[in-house]
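Trainee: These protein sequences, in sequence, are chains A and B.
One gets my numbering by counting positions in the first sequence from 1 and adding 41 to each.
One gets my numbering by counting positions in the second sequence from 1 and adding 105 to each.
Calculated from the structure, these hints are not laboratory results.
Just so we're clear, the structure is a prediction, and the values are computed from it rather than from any experiment.
Beta carbons: idealized from backbone N, C-alpha and C, even for Gly.
Hints should not be assumed to be uniformly reliable.
[Said to hold, decoys possible] With the Cβ distance kept under 10 Å, some of the chain A side facing chain B (calculated, not the full set):
| no. | residue |
| --- | --- |
| 1 | G200 |
| 2 | A203 |
| 3 | K308 |
| 4 | K346 |
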Amino acid sequence: MQLIIIGLNHKTAPIEVREKLTFQESEVGKALAQAHSLPSLKENMILSTCNRVEIYAISQETEKTVRDLKDFLSRYHELPLKEFEKSLYLLVGEEVVRHIFRVASSLDSMVVGEPQILGQLKSAYTLATESGTSGLILHRLLHRAFHVAKRVRTETRIGDSAVSISSVAVDLAERIFGGLEQRAVLLIGAGEMIELAARHLMAGGVEKILVTNRTYDRAVSLAGQFNGEAIRFEEMGQGLKKADIVISATDASHYLINREQTVKVMKDRKQKPIFFIDIADPRDVEPGVGDIENVYLYNIDDLQKVAHENMKDREKEARRAEAIVQEEVTKFVHWFQSLEITPTLIALKNKFEEIRKRELEKMLSIHPHLSEKERQSLEALTSAIVNKILHDPLTRLKQKDEETMSDFYVDAIRALFQLPDLTAEERREED
Amino acid sequence: MNTYFFNLSSLFYLLGTLAYLSHIIFLKDLLSRMATLIVSIGFTSHSLAILTRYVEAGYTPVTNLHESLSFFAWMIVGILLIANLKYKIKVLGAFLTCIALILMLFALALPKEILPLAPVLRSFWHPFHVFFAFLGNAVFTLAFCSGIIYLIQEHQLKSKKMGAIAKRLPSLKVLDDLNYRALTFGFPLLTLGIITGAVWAEYAWGRYWGWDPKETWSLITWFLYAAMLHQRLTVGWRGRKAAIMAIVGFLSVMFTFLGVNLLLPGLHAYSNW
């Protein structure tokens, strides 16, 4: 039995390839069922996000399953295999465990430490459970992965600091105002950047959005989108008086907000703090504005610098997270290997015992005149032979320090003695 | 008995300070909960120290410097525990417990025998005067700490550093709110402290006000806080200015309390060592 991952992600495939192989959420159930009908597959699960498409599988015949899964991807997405085969990666055994644990803890993400992936993994798992394509092993594997993710989150500070421009800005606003609730925001400009910022802030819970723009109509239409209030460009001062956060992104060639004017505004505001975020290039806010008391000014470079420094912190924390992952991988692999050993031992013993009994009965039916004592001697003799033969392989299988090889031994013994497949019940007993 | 509880509470304040500091370093919630628990135990033991001393001495134990320092520290920790309920500012705990600990160690070094009560202190008004004055002082100590934290956090934001320090400190808004809240509580308490002091002075020395150094300095302190409150309400002295004023005000409070006793001769000299 083998763990397999076949997939591609933002590191191995460009977006043009990834988007062709993405499974829409609504069709994942169908895709799972289709993949599950492959005869070599025991369990499977599909994780499909905008950065990665991966199939997790438990298989009896690794090579066949890999071939089947590649065909399945090609057939399902109606895309010739050669167009994406180069982008695929294949992981087996322990590597699979490490990969899933790293994905869950967001160590494999485009932006390390961003937590969305855990939610995506959880819903992928739920879909597989609902479709009945995940079984004992995936169940255990995913639950361990969620546990690892939780450990990483609580034991390291990987997700603590903001690493994107917008999250840095929100973070700063929180450090100044304690939160975005009940805050008013003034947006200067009506471009794409401004719209994006507005969306982000609304999600963050700001109370009021004011928009001003040189072309008043565009300010009105943008304000309409966010249930905000449009202000004429000449009356920007009114907006500055009311707003707590000002985001400016115009293509003006000179400063729109200067020091002198801001000092006056601050007096009108009774020194209530104000936070300027200048994301325009060239800048809209005179740098000296940031020196005024209770005024905080960050331009795009400042935000980028903070984001960059936070990123470095995250990388440091990521190294600590890798250690946690390694620890958990060892634990899981241990469990996975023990899964097959005991049932194999029992099966092997049963088989030998059956052979012995059968042969003994045959022999006794040929020689019915044997005395009770002789019969007992024969019984003892055959048992002794079987036990002696089994002794070495059984001790070998039970040895803990042979872990790395035990998988191989189990497979070899099952193949050599043609033992039947494990039933689900037998596995569960081991869990 | 009272010294036993006193020493015990000093020990708990030491442990509490260490727990709060390690919480700042490691940011583990468990540590801050432990710190609060330790400090609460210290506070209980401290309360028992004051109570047993009251029973043993037969008067409210705020009559010499040892007792005053202990009482002041007790009020500070009390204010901390109250502030903890509303403002979840962990760093504040480290600051305030540390100040209380310093006061306790100072008190520990002073003579702590229970002496017969001096005649001027044998007044109905005296304990009230001390109670209001120190409660006000404790509230101003809180404002002082939040002022210092404010300046650090403001510096981080202005110099565009968002690293380990900024992450551990509360938002400017919370700190400024706390400053204002402390001012609105502390100022009336200070006023009451001065009024009850004047009434007591009338009983003790036959005059309400005598420009004794203690009286003069408490008036200076009162004017400082009055100015602060006025500027805040009229022209919006908030943030940095308010933080600096809280620090200046606290220095004046401490000089009125300790500096006057130690450096300037005057009627409050009984609270000398």
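Trainee: Next step is simple, just say for each hint if it's right about the structure.
Mentor: Hint check:
{"no.": "1", "hint": "G200", "verdict": "violated, 13 Å"}
{"no.": "2", "hint": "A203", "verdict": "holds, 8 Å"}
{"no.": "3", "hint": "K308", "verdict": "holds, 8 Å"}
{"no.": "4", "hint": "K346", "verdict": "holds, 7 Å"}
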